[in-house]
Amino acid sequence: MADSPTNPWALALNTQRELLDAGTDAVDKADIAADRVDRLQSVEVGQTPSEVVYTENKLELLHYEPITEEQNDVPILVIYALINKPFILDLQPDRSVVRRLLEAGHDVYLIDWNEPSRLDQHLTLDDYVNRYIDNCVDVVRERSDQDAINVLGYCMGGTMSAMYAALHPEKLRTLGLMAAGLCFDDTGGVLELWGDEKYYDPEEVTDTYGNMPADVLATGFALMDPVSNFVSKYVRFYDNLENEDFVENFARMERWLDEGIDVAGEAYVEFLEDIYQDNKLYHNELELDGQHVDIREIDMPFLQVIGEYDHLIPPEASKPFDEVIASEDTATVEHSTGHIGLSVSGSSHDAVWPEVAEWYHHRSGLSVERRREIQAAVDELGAVEVDVVGEEAVEIEIGEAGSESDGGAVADTGVEAAGEADVESVDGIGPTYADRLRGVGIGTVAELAAADPETVAEAANVGRTRAEGWIEQAG
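Everything in the sequence shown is counted per this note's numbering, starting at 16 for the first residue and increasing by one.
Incorrect hints may have been included.
[To be verified] Derived DSS-like pairs: lysine-lysine, alpha-carbon spacing no greater than 30 Å straight-line:
{"id": "1", "residue 1": "295", "residue 2": "73"}
{"id": "2", "residue 1": "73", "residue 2": "100"}
{"id": "3", "residue 1": "334", "residue 2": "186"}
{"id": "4", "residue 1": "186", "residue 2": "73"}
[What the hints assert, rightly or not] Derived Cβ-Cβ restraints for the label pairs, each shown as a range:
{"id": "5", "residue 1": "490", "residue 2": "331", "range": "22 to 32 Å"}
{"id": "6", "residue 1": "467", "residue 2": "305", "range": "28 to 38 Å"}
{"id": "7", "residue 1": "487", "residue 2": "70", "range": "17 to 27 Å"}
{"id": "8", "residue 1": "435", "residue 2": "84", "range": "28 to 38 Å"}
{"id": "9", "residue 1": "216", "residue 2": "62", "range": "37 to 47 Å"}
Calculated from the structure, these hints are not laboratory results.
Idealized CB from N, CA, C, for every residue including glycine.
Could you build all of it, start to finish, from the sequences and the hints given here?
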């Protein structure tokens, strides 16, 4: 009798074999299950060495040990969200945003808010922005002997960082925001819909609990994608039970998700009502303790790091902010990942964080006063773009007002015509990408403008979209 798919004997035999294989697989996995449970409970996170250099109430300001011989003089202060613990930015050595910045030669500080007690329920956004963040910025400025520092704000911490930059622009060299909610006007985000005043009153929760409970927040976030969060990830865990690396990665993420922290009640209500429901920050109507948060004061170099598939803070909740602030030096790094993937995905650590680290290097050299002096000189000359390379080396693209007679004035401000400028002056092209491009004969802005996207993308090892963006800038 032929052994074919329609043969009942063959089907029975194949089914028996599959059951035996499944049984053997289950026995094998049962043998290692106990060990894997131990790994889930004992996995380590946040291993990059640091010390606490300042405390206030529950807050701890961490300073990370340098891992390079040379460091950027202007440090980066990472302002974390009030939700969850910050070790998502230092999950493990190969997936640590903190370590990527340190490896690039940056001096890194981070605010760990820790969990508020019942006594902290009346803390407001003004307390967090104008007291806690401002005090930490001053500590970092004093320790680094810098008048102004760099900031990288994450998620809700990014939104508060934008508020801080509007109120204290003189203290910041640059402002970088990662997955930050900034504009909520039918952006398509589920949180915006669920938080709509028609369906949700945050005071009902805080009147009951005082603070916003972490368990309530965690359940809400999980329900945004219930199949993935309650079914699929556990199926993947079982399928990869024999893979130690997978198990450890899984355990670290589960630990972060399980160790949520409460949010101070008053700050939570203000954030939901003023930012989500009334969109006051984007419309430049926000006040903190009666003080106008004027986003037109945000004039420092401005970077947004965005996840293309972020379902918590979709790109449309971040990108429009560039158009309503004063800064003329804005950049966006958008990557095909989600909200958490920006911190922990392998592709983000390969493609996003080297570029972000270079952006901070590229923008850190210019003091606030010098930046404004040069911008004023450039505006007078009719230039359309400023690109900071260092305290005395700034390259601009000259508009129609530029002429040979303007050359002396341009030289006096440390500015040179963009066509002759080094390719590294293009926004997003740091030393690594520049060296790769020079290797194929693209060393100046003019040569980049004349190149085709395929050549640029292949030489720099980047996507075609990014290469086209560089060429468009150069043109």
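Hint check:
| no. | hint | verdict |
| --- | --- | --- |
| 1 | 295 x 73 | 28 Å, holds |
| 2 | 73 x 100 | 13 Å, holds |
| 3 | 334 x 186 | 24 Å, holds |
| 4 | 186 x 73 | 24 Å, holds |
| 5 | 490 x 331: 22 to 32 Å | 27 Å, holds |
| 6 | 467 x 305: 28 to 38 Å | 56 Å, violated |
| 7 | 487 x 70: 17 to 27 Å | 47 Å, violated |
| 8 | 435 x 84: 28 to 38 Å | 33 Å, holds |
| 9 | 216 x 62: 37 to 47 Å | 42 Å, holds |
Going down the numbered hints, you'll see the structure goes against 6, 7, while the others check out.
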